[in-house]
Amino acid sequence: MNRPQLSVVIPVYNEEAGLAALFARLYPALDKLGVTYEVVFVNDGSRDRSAALLAEQYRARPDVTRVVLFNGNYGQHMAILAGFEHTRGEWVITLDADLQNPPEEIGKLVAQLAAGHDYVGTVRMNRQDTWFRRNASRAMNRLRERITRIRMTDQGCMLRGYSRHIVDTVNQCREINTFIPALAYTFAQNPTEVDVAHEERFAGESKYSLYSLIRLNFDLVTGFSVVPLQWLSGVGITLSAASGVLFIVLMARRFLFGSEVQGVFTLFAVTFCLLGVILFGMGLLGEYIGRIYQQVRQRPRYLVQAVLEEPAGRAERATGSNASASLSTGATELGSHTS
1 MNRPQLSVVI PVYNEEAGLA ALFARLYPAL DKLGVTYEVV FVNDGSRDRS
51 AALLAEQYRA RPDVTRVVLF NGNYGQHMAI LAGFEHTRGE WVITLDADLQ
101 NPPEEIGKLV AQLAAGHDYV GTVRMNRQDT WFRRNASRAM NRLRERITRI
151 RMTDQGCMLR GYSRHIVDTV NQCREINTFI PALAYTFAQN PTEVDVAHEE
201 RFAGESKYSL YSLIRLNFDL VTGFSVVPLQ WLSGVGITLS AASGVLFIVL
251 MARRFLFGSE VQGVFTLFAV TFCLLGVILF GMGLLGEYIG RIYQQVRQRP
301 RYLVQAVLEE PAGRAERATG SNASASLSTG ATELGSHTS
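Residue numbers (full-length UniProt numbering): 1 to 339.
Read the hints as simulated data drawn from the structure, not as lab findings.
Careful: at least some of the hints might be erroneous.
[Said to hold, decoys possible] Per label pair, the in silico range of CB-to-CB distance:
1) Ala241 / Gly286: 21 to 27 angstroms
2) Arg142 / Ile237: 23 to 29 angstroms
3) Glu199 / Asp31: 16 to 22 angstroms
4) Val123 / Leu246: 44 to 50 angstroms
5) Arg174 / Ile237: 33 to 39 angstroms
6) Ile237 / Ala111: 47 to 53 angstroms
7) Arg61 / Ile278: 19 to 25 angstroms
8) Arg174 / Gly281: 27 to 33 angstroms
9) Pro311 / Met282: 49 to 55 angstroms
For each residue, glycine too, the CB sits at the ideal point set by N, CA and C.
Sequences are here, hints too, so could you generate the full structure?
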C-alpha cells in the first residue's frame, strides 16, 4: 500500500451525535488539499453507536479510512498514541471529533509542515468556552511554562501537526502518563504556532471534567519537570529556618517576660501550617512515586480489539458487538497490544 503524505488522527469517545457532521466536513476539506491522505479514527471504548458509525464510514471510504477499536476507555492521549502507531503519513495531524476545531483549518498546519517545521502548535482565536475554562487555561499555561520551560501558547488545543520523525520518536517512548503535545515539543527542532478558528461544540458535552483537567495538568507538570520537588525543598528549608528563628524568639521572651500562656495559640497556628505543608509534600511525592509504580509494572497502556483497514493483500472479515468490517492481518493483532 502506498504511503500517504498526510495522516489525520481523530480520537472518538461517545460522539455519535456529531460524527455525520464531522464526516461531511472532514473529507471534502482534505480532498481540497491536493495531497494523498488517510484518516485514522480511534474509538476509545465508546458506549454509544460511535463504533458502528465509524465502521460504516470505513465501508464508504475504505481507501482513505482506518479505524482502531479499543476494548475499553483509556483516555484521549492513549487513543492518540494508538493512532500514531497506525499512521503511515509523512505529516500527522491530530484533531478532536467534536468540531470545535474546524477541519477546514488543517490546511494551515499542512502549509507549515510543508515549509519545513517539524511541530506545528495552534492558538484558538475567539475561544467558544466558558469564562472559567478560558481563564483557568491561561493560568495553567503560565504555570506550566514556568515549571517545565515548554512554550505552548495554547496547550489545550488538540489540533496540532507533527512530522514523521517526531511521531516515530514519540512512538519509541513508553510512558504511562504523558501529555503528547508537550512530549512532542521536547523533540522538535523547528517548532511553530499558527492561529486557528474555534467553534462551539457541535453536539454533546466535553469529556473533560474539572477533575480530569486537574489530573491532566498533574501529568503535564510531573511528567516533564522535578521543579515542584525543588520548590517543596525550598519551602522546607524556609520553614525550618523560620521555625529556628521562632524558637529563639520564644526562648528569649520566656527568659525576659516569663511564661506567656497566650503564646499557645500562636504555636497551634504554626503547627497546623507545618502539618499542611507536610501533607502537601507527601501528596506531591506520592504523585511522582505513583507514576514510577505504574511505569515499572509494564502493563499494556491500552488493548486494541480490532483494526478496520484495507490490507495490501487478502482481507479477512471480523465481527464485533457494534459492527463488522475488514480486519487487517498485518502488523496489528487482535487482542493485547502493548504500545
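Can you let me know if the beta-carbon spacing of Arg174 and Gly281 is within 27 to 33 angstroms?
-> Given about 29 angstroms between the Cβ atoms, the range holds.
Holds or violated: 44 to 50 angstroms for the Cβ distance of Val123 and Leu246?
-> holds (48 angstroms)
Does the Cβ-Cβ separation between Pro311 and Met282 fall within 49 to 55 angstroms?
-> holds (52 angstroms)
Glu199 versus Asp31 beta-carbon gap, inside 16 to 22 angstroms or not | holds (21 angstroms)
Is it true that Arg61 and Ile278 lie within 19 to 25 angstroms of each other by Cβ?
-> violated (58 angstroms)
C-beta pair Arg174, Ile237: status relative to the range 33 to 39 angstroms that was hinted | Roughly 35 angstroms apart at Cβ, these two residues keep to the hinted range, so it holds.
Cβ distance range 47 to 53 angstroms for Ile237 and Ala111, holds or violated = holds (51 angstroms)
Is the gap between the beta carbons of Arg142 and Ile237 within 23 to 29 angstroms?
-> holds (25 angstroms)
Take the C-beta atom of Ala241 and the C-beta atom of Gly286, compute their distance, and say whether it sits inside 21 to 27 angstroms.
-> Holds, at about 26 angstroms.
Against the hints set out earlier in the document, a violation occurs for number 7 only.
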